[in-house]
Amino acid sequence: MHPVALFRTRTMIDASNLEQRQGGWSAGSCAILIGTALIVSSVVIRLMTAAIEMPWFDVDPTSIDHPAIGLLPSARFGFDILMLIGAGLILGGQFVRGQGASWWVLLLAALPVPVLLWHGWNDPADLEQGSLWFSSALAAVALAHGARMDWIRAVGLCILLAGLAPLVIKSIVQVAWDIPATIAYFDANRAEEFAMLGIEPGSSAARVFERRLRNAVPTGWFSSTNLLASVMAAGASAWFAITVLTVRKKMTSGLSGLCALISLSMICIVIATESIGGWVVMLLGLCMASACLFLSGWQRVGGWVAVALVVLALLAAPLGSLIGELPGIRSFIVRSGYVSGAAQIFLESPWRGVGPSGFQAAWLQVRDAGSPEEIVSPHSMPWDWIATVGVLSLSWMALVVATLMWGPRRLEETGTAEASWGLSLRSWVLGIAVLTIVSGLMSASEIRYLGGSAVMVHVIGWALFLVMAILLASLWRQIATGMRIGAWVAAVVLVVHAQVEMSIEQATTVPWILAMLGISAPVGRPGHEGRHIARAWAGVAFAACVCLAGMLFVIGYLPAAKTDRIVSDLGWSLHESSGLADGRDVLMQRRSAAEGLLEAARIRDDDRLRLAAADQLLDGMVMSSALDQPAPSSDIDAAGEQVVDISMDVFERTGSVEAGHIVISALLSNGEPAGLSRALPVAVAVSELDPVGLWSQRHLADVLWERGEQDRSIAVYERVLAIDAAREIDSMRRLTDRDRVDIEQRVSDFRMSGTPD
Numbered sequence: 073m074h075p076v077a078l079f080r081t082r083t084m085i086d087a088s089n090l091e092q093r094q095g096g097w098s099a100g101s102c103a104i105l106i107g108t109a110l111i112v113s114s115v116v117i118r119l120m121t122a123a124i125e126m127p128w129f130d131v132d133p134t135s136i137d138h139p140a141i142g143l144l145p146s147a148r149f150g151f152d153i154l155m156l157i158g159a160g161l162i163l164g165g166q167f168v169r170g171q172g173a174s175w176w177v178l179l180l181a182a183l184p185v186p187v188l189l190w191h192g193w194n195d196p197a198d199l200e201q202g203s204l205w206f207s208s209a210l211a212a213v214a215l216a217h218g219a220r221m222d223w224i225r226a227v228g229l230c231i232l233l234a235g236l237a238p239l240v241i242k243s244i245v246q247v248a249w250d251i252p253a254t255i256a257y258f259d260a261n262r263a264e265e266f267a268m269l270g271i272e273p274g275s276s277a278a279r280v281f282e283r284r285l286r287n288a289v290p291t292g293w294f295s296s297t298n299l300l301a302s303v304m305a306a307g308a309s310a311w312f313a314i315t316v317l318t319v320r321k322k323m324t325s326g327l328s329g330l331c332a333l334i335s336l337s338m339i340c341i342v343i344a345t346e347s348i349g350g351w352v353v354m355l356l357g358l359c360m361a362s363a364c365l366f367l368s369g370w371q372r373v374g375g376w377v378a379v380a381l382v383v384l385a386l387l388a389a390p391l392g393s394l395i396g397e398l399p400g401i402r403s404f405i406v407r408s409g410y411v412s413g414a415a416q417i418f419l420e421s422p423w424r425g426v427g428p429s430g431f432q433a434a435w436l437q438v439r440d441a442g443s444p445e446e447i448v449s450p451h452s453m454p455w456d457w458i459a460t461v462g463v464l465s466l467s468w469m470a471l472v473v474a475t476l477m478w479g480p481r482r483l484e485e486t487g488t489a490e491a492s493w494g495l496s497l498r499s500w501v502l503g504i505a506v507l508t509i510v511s512g513l514m515s516a517s518e519i520r521y522l523g524g525s526a527v528m529v530h531v532i533g534w535a536l537f538l539v540m541a542i543l544l545a546s547l548w549r550q551i552a553t554g555m556r557i558g559a560w561v562a563a564v565v566l567v568v569h570a571q572v573e574m575s576i577e578q579a580t581t582v583p584w585i586l587a588m589l590g591i592s593a594p595v596g597r598p599g600h601e602g603r604h605i606a607r608a609w610a611g612v613a614f615a616a617c618v619c620l621a622g623m624l625f626v627i628g629y630l631p632a633a634k635t636d637r638i639v640s641d642l643g644w645s646l647h648e649s650s651g652l653a654d655g656r657d658v659l660m661q662r663r664s665a666a667e668g669l670l671e672a673a674r675i676r677d678d679d680r681l682r683l684a685a686a687d688q689l690l691d692g693m694v695m696s697s698a699l700d701q702p703a704p705s706s707d708i709d710a711a712g713e714q715v716v717d718i719s720m721d722v723f724e725r726t727g728s729v730e731a732g733h734i735v736i737s738a739l740l741s742n743g744e745p746a747g748l749s750r751a752l753p754v755a756v757a758v759s760e761l762d763p764v765g766l767w768s769q770r771h772l773a774d775v776l777w778e779r780g781e782q783d784r785s786i787a788v789y790e791r792v793l794a795i796d797a798a799r800e801i802d803s804m805r806r807l808t809d810r811d812r813v814d815i816e817q818r819v820s821d822f823r824m825s826g827t828p829d
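The opening residue of the sequence shown carries number 73 in the working numbering; numbering runs sequentially from there.
Please note: incorrect hints may appear among the correct ones.
Stated by the list, open to error - Calculated pairs, SDA-like style, for lysine to any residue (alpha carbon to alpha carbon, straight line, at most 20 Å):
id : residue 1 : residue 2
1  : Lys-322   : Arg-549
2  : Lys-322   : Ala-332
3  : Lys-321   : Cys-340
4  : Lys-634   : Glu-125
5  : Lys-321   : Ala-552
6  : Lys-321   : Arg-549
7  : Lys-634   : Gly-622
8  : Lys-322   : Leu-365
9  : Lys-634   : Lys-321
Stated by the list, open to error - If you anchor each label on the Cβ, the simulated ranges turn out as follows:
id : residue 1 : residue 2 : range
10 : Val-612   : Asp-677   : 31 to 37 Å
11 : Ser-421   : Met-323   : 53 to 59 Å
12 : Val-531   : Cys-102   : 28 to 34 Å
13 : Leu-522   : Asp-440   : 38 to 44 Å
14 : Leu-333   : Asp-814   : 53 to 59 Å
15 : Gln-416   : Asn-261   : 28 to 34 Å
16 : Gly-274   : Leu-630   : 38 to 44 Å
17 : Ser-511   : Asn-742   : 47 to 53 Å
18 : Leu-367   : Met-477   : 17 to 23 Å
19 : Gly-727   : Ile-675   : 22 to 28 Å
20 : Ala-415   : Asn-194   : 21 to 27 Å
21 : Val-531   : Ser-325   : 48 to 54 Å
22 : Leu-285   : Gly-326   : 39 to 45 Å
Honestly, the hints are just simulated from the structure, not real lab data. Note that this is a predicted model, so its numbers are computed, not measured. Don't be surprised by glycine CBs; every beta carbon is placed ideally from N, CA and C.
Could you put together the complete structure from these sequences and hints?
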């Protein structure tokens, strides 16, 4: 090289290094810390709040005391945006520090994003689920880059693991108080509860419902006890590793006892869930943590073992269904049907999938008669993604496998355990924990509506969260390796259970699973030769995350916030004006609510709100005609026509089975022959879209019977009975005893005489 050129090159390198030492390093580290704080705080808060579609209108607003409690779409978009901003800050910090980013990791994370945006542009429900997935995936990749700095990894792990504390308190409260109180209330109001549920007392469905109620298990803030079992099994494995290390390091007995108590409480919660899958993955996690701590050379095989466990879990459902009647096998039989259906859905649309929210509609057409549930997820991580997003989503699964593989090899310290700017790790963890607590309390709507026990759960839960976060930060100096091992084992537990559970579909669990996976397995540093290329990739990734956050704010958050506000106001108005005695006023009130919902639907082009509007009109028709002063029949008929117009539009555009049922109900409401004639083609179309749907076939049979087409109706009634018999696995989704007897009587009488009774 020419001496002048060599001098200029050395001068540029020295200037760059000086900038990093004096200011660039601090600015980059600051960005990484803030980004990490935004991500882990958002993830922890989402663990403690259910996701809901709309306030009030999930049920009749006049029948409840408060709106549905949880995170509305606008709030979920807000957290997705915060995670994207956090990811951008981490990757931007890597750019400033000159560390760069792994191009192939970023590419694998980004490949499904265009497909998700395409689906989201056409359907707000797809945008909600799609933004959850890509924001969580990009945030996890960013955490994996930020975790190159050991104190950043420490901060992230302390907050994420401590985030389970409120769940522990919530679960204990449910077991000790909530479940017994619910059973006592049911015993005192048995008849009213069965009437509200539409269940006949003494029927098989009533017996199943009562058995499930009396054997109720904790769920935390999740929709399923299996989800609670999954995260608690992961937490128990991590805290078990921490406990063992505190004992081996001969730390204070009180400290070891506290860690053991935390681990034991999580183990007890997993046992209390009665989730066989949760028990199995917890046992695997405890065994793997023990192997990692006591066996030499495990780092060489740990990744292979983790991937093997994932593959075995993925094969468990189809293989388990072949074994026979063993404990838990019935669940595998059901899940085997889910996987089979997901495979058919994927083959029908392999390149772009059916959309993140489109699985349920596609499932109705491929499920067999023994699958009574109208599921929204195939309960399997790869099948969830490839059925709804298409073949490009395999890049996410490849990234998950790669992360599990390199995780055990990245457990050594990658930087100082003390934070910069003269502050200790505990100080930063405390600051981020307080920020998380404040944000969590602000978003906890149940405190405003439930008070009492809800306040106690949050206060005690967040206090324990703070204690656990500080405890973990204090332990990091002495047992950092054990904490890294525990976090990686927890990530393995989560991924293994996600192969047989719907945890990768739920808004509460997806961010925590992927964040734990990212923070526990840092991305390797680029070589000296490729550092400039890696830095360029980090800059591109920073810009992409910022652009995605801005796009999501415009097309997601702003419309959703406006819609949520309108729907909330409508619900409050309807709730406060309940108790009207005049049928005309009741119908007018419901029509006003329906018009408001239609206005909100136009903002986001949201068919869910259109169907909610149709439901309000149907409720108004039923309620107003049942009063002592009913609404005029002309007004009721006009409302019925409006229901038909709204729901038929949705049905013709989307093929929604729910919309079809609403059309049929509205057309049959007055019992006129013209309504029967109009309902028949809709009932036929619905039965074709849902060929083994019990009520889809029942509607068709009833319409044919009322039209006098007994030959055709009997054939459909026999199909209904066959579907009902195939549902012995779940009595709650079968015909009532009275309905079954009535249908059997019709079929028997017709077969004997050839004419109706």
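Here is how each hint holds up against the structure:
| no. | hint | result |
| --- | --- | --- |
| 1 | Lys-322 with Arg-549 | holds (14 Å) |
| 2 | Lys-322 with Ala-332 | holds (14 Å) |
| 3 | Lys-321 with Cys-340 | violated (26 Å) |
| 4 | Lys-634 with Glu-125 | holds (14 Å) |
| 5 | Lys-321 with Ala-552 | holds (12 Å) |
| 6 | Lys-321 with Arg-549 | holds (12 Å) |
| 7 | Lys-634 with Gly-622 | holds (17 Å) |
| 8 | Lys-322 with Leu-365 | holds (15 Å) |
| 9 | Lys-634 with Lys-321 | violated (55 Å) |
| 10 | Val-612 with Asp-677: 31 to 37 Å | holds (32 Å) |
| 11 | Ser-421 with Met-323: 53 to 59 Å | holds (55 Å) |
| 12 | Val-531 with Cys-102: 28 to 34 Å | holds (32 Å) |
| 13 | Leu-522 with Asp-440: 38 to 44 Å | holds (41 Å) |
| 14 | Leu-333 with Asp-814: 53 to 59 Å | holds (57 Å) |
| 15 | Gln-416 with Asn-261: 28 to 34 Å | violated (44 Å) |
| 16 | Gly-274 with Leu-630: 38 to 44 Å | violated (52 Å) |
| 17 | Ser-511 with Asn-742: 47 to 53 Å | holds (52 Å) |
| 18 | Leu-367 with Met-477: 17 to 23 Å | holds (18 Å) |
| 19 | Gly-727 with Ile-675: 22 to 28 Å | holds (23 Å) |
| 20 | Ala-415 with Asn-194: 21 to 27 Å | holds (25 Å) |
| 21 | Val-531 with Ser-325: 48 to 54 Å | violated (29 Å) |
| 22 | Leu-285 with Gly-326: 39 to 45 Å | holds (41 Å) |
The earlier numbered hints that this structure contradicts are 3, 9, 15, 16 and 21.
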